[in-house]
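A.B. asks: Chain by chain, the residues run as shown.
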Amino acid sequence: MSTRTASVLYDATGPKARMRYRAFGLLSLAAIAALLWFVYSRLDEAGQFSPDLWAPFEYAKVQQRIVDGVLETLKVFGLAALFSITLGALLAAGRLSDHRPVRAVCTAVVQFFRAMPLLIMIFALYRAVFGAEPFWALVIGLTLYNGAVQAEIIRSGVNAVPRGQAEAAYALGLRKTSVMTTILVPQAVRSMLPAIIGQLVVTLKDTSLGYIIAFHELLYVGKLIASNTSTPEGYPYIPVVLVIAPIYIGLCLALTALAKWIEARGRRGTNRRTPAAA
Amino acid sequence: MGILFEDGNFALFRDGFLRTVELSAISAVLAMLLGIVLAAFRVSPVPALRAFGTVWVNTFRNTPLTLLFFAVVFGLPRLDVHLEPFTFAVLALSAYSGSFVCEVLRSGINTVPLGQAEAARSLGMNFGQTLGLVILPQAVRAVMGPMSSIFIALPRNSAVAGAFSVPELFNVQATLTDKGYAIFGIFFWIAIAYLIISFGVQQLFSFAEKRLAVAR
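Protein chains in written order, with our numbering: chain A, 1 to 278; chain B, 1 to 216.
If you're looking for bench data, these hints aren't it; they were derived computationally from the structure.
Just so you know, not all the hints are guaranteed correct.
Which residues of chain B face chain A? A few of them, derived with a C-beta cut under 8 Å, are [claimed, not checked]:
# : residue
1 : 66
2 : 127
3 : 129
4 : 175
5 : 183
6 : 198
Glycine is no exception: its CB is placed at the ideal position from the N, C-alpha and C atoms.
Please model the complete structure; the sequences and the hints are all you need to start from.
C.D. replies: Here it is as structure tokens:
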């Protein structure tokens with residue numbers, strides 16, 4: 001795609017344009033370098049690269065705490081991912097139900113939880129129900145919100161399966177349940193997997209809301225490390241951010257890469273399976 | 001349920017509501033501008049700018065918003081940047097949302113038919129004119145749906161600002177909870193406030209979509 005837009009929006013370059021683009025390129029390189037240098041020198045001036053500030057990360061205890069934080073984050077993420085996909089499947093089944101009351105209730109639930117800020121829910125759960133257990137407040141809050149979103153993804157996937165598939169299945173005498181489970185859902189899941197994993201990336205990022213209810217996930221652990229380590233140069237907030245941010249970004253990019261890989265794989269498969277005109 | 005109308009809670013609540021609206025509106029405008037600039041970078045003929053746009057977008061899209069707030073609120077003061085909590089919140093929110101706007105715009109640019117750009121170029125338009133006068137206006141129309149979900153998510157995301165001492169709705173919820181009012185009573189009113197906001201944004205977008213619609 002990028003090559004297409006790149007070549008569509010501007011002409012193949014002649015000698016003059018090539019010179020101009022090269023000049024622009026050098027100019028913007030200089031600007032980017034200046035920006036990076038500015039950031040670096042501001043950090044340096046403020047003494048953020050002094051060894052004192054980075055020394056805490058050499059202690060095995062601090063490293064262990066960061067690893068524990070990552071593990072807690074992954075634990076919350078794993079449970080929330082599992083529960084939210086389960087809840088999403090149930091709510092999607094409810095929204096596709098033939099019974100109007102079931103449909104109405106599920107629609108209301110989905111719309112409500114999708115419109116609520118996650119933080120508001122997690123905080124209310126934490127203070128009202130799980131005072132001593134921020135872990136479950138976080139997991140359940142994440143489950144409710146992401147479950148509602150996953151339900152919409154799954155539902156749109158089921159609706160996007162060509163109508164002939166369901167009609168053919170009914171014509172063969174299958175009941176609604178078997179049509180759903182054997183015909184529609186497998187196809188919907190295949191086409192919606194990238195979107196489902198995309199939502200899982202959001203779930204992973206939102207585990208950091210645990211920071212606000214003082215749950216010991218990665219970000220909160222980082223804050224504790226920063227605020228409890230007093231060095232001659234001050235508190236190492238910026239080093240902590242520089243250590244933690246790449247961990248989050250790496251985890252999210254890994255999930256995104258998984259989604260892209262599955263997407264590419266799915267395309268390869270369907271190309272082989274579907275005859276010329278589908 | 002009556003807590004809203006007891007001892008001055010209503011004023012607190014109203015201020016929080018207005019703060020949320022103000023924060024979301026300012027961040028939305030900035031995110032839109034940032035998104036357009038980044039999208040232009042990402043499709044530009046200059047490789048350095050393309051790479052910059054890609055790195056920027058991937059960094060900010062994959063950083064949790066809470067971490068971004070943390071970095072801005074605790075990091076910047078250590079570089080001698082001292083601003084109001086509200087300004088910090090605007091910075092974090094618009095940097096975060098801007099990269100999502102960029103990606104949506106870019107996918108919109110990909111949907112504009114090839115002939116449009118070719119026609120623009122054969123009229124002698126340069127890159128800026130082609131993008132600004134021909135491609136972007138059509139791209140924006142094509143992505144009104146995904147765009148509206150970004151801007152409906154923005155007020156919801158702005159709740160994180162409350163945890164970093166901006167007196168908006170989440171902050172009101174926390175304050176009232178600490179005062180010992182019934183938690184679900186508070187939740188009820190806060191929920192209604194957010195539903196009103198997201199309904200408002202939705203209406204705004206469906207109005208815009210109708211106004212922008214072109215008969216083809």
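A.B. asks: Please name the hints from earlier in the document that this structure breaks, with their numbers sorted from lowest to highest.
C.D. replies: 3 and 4
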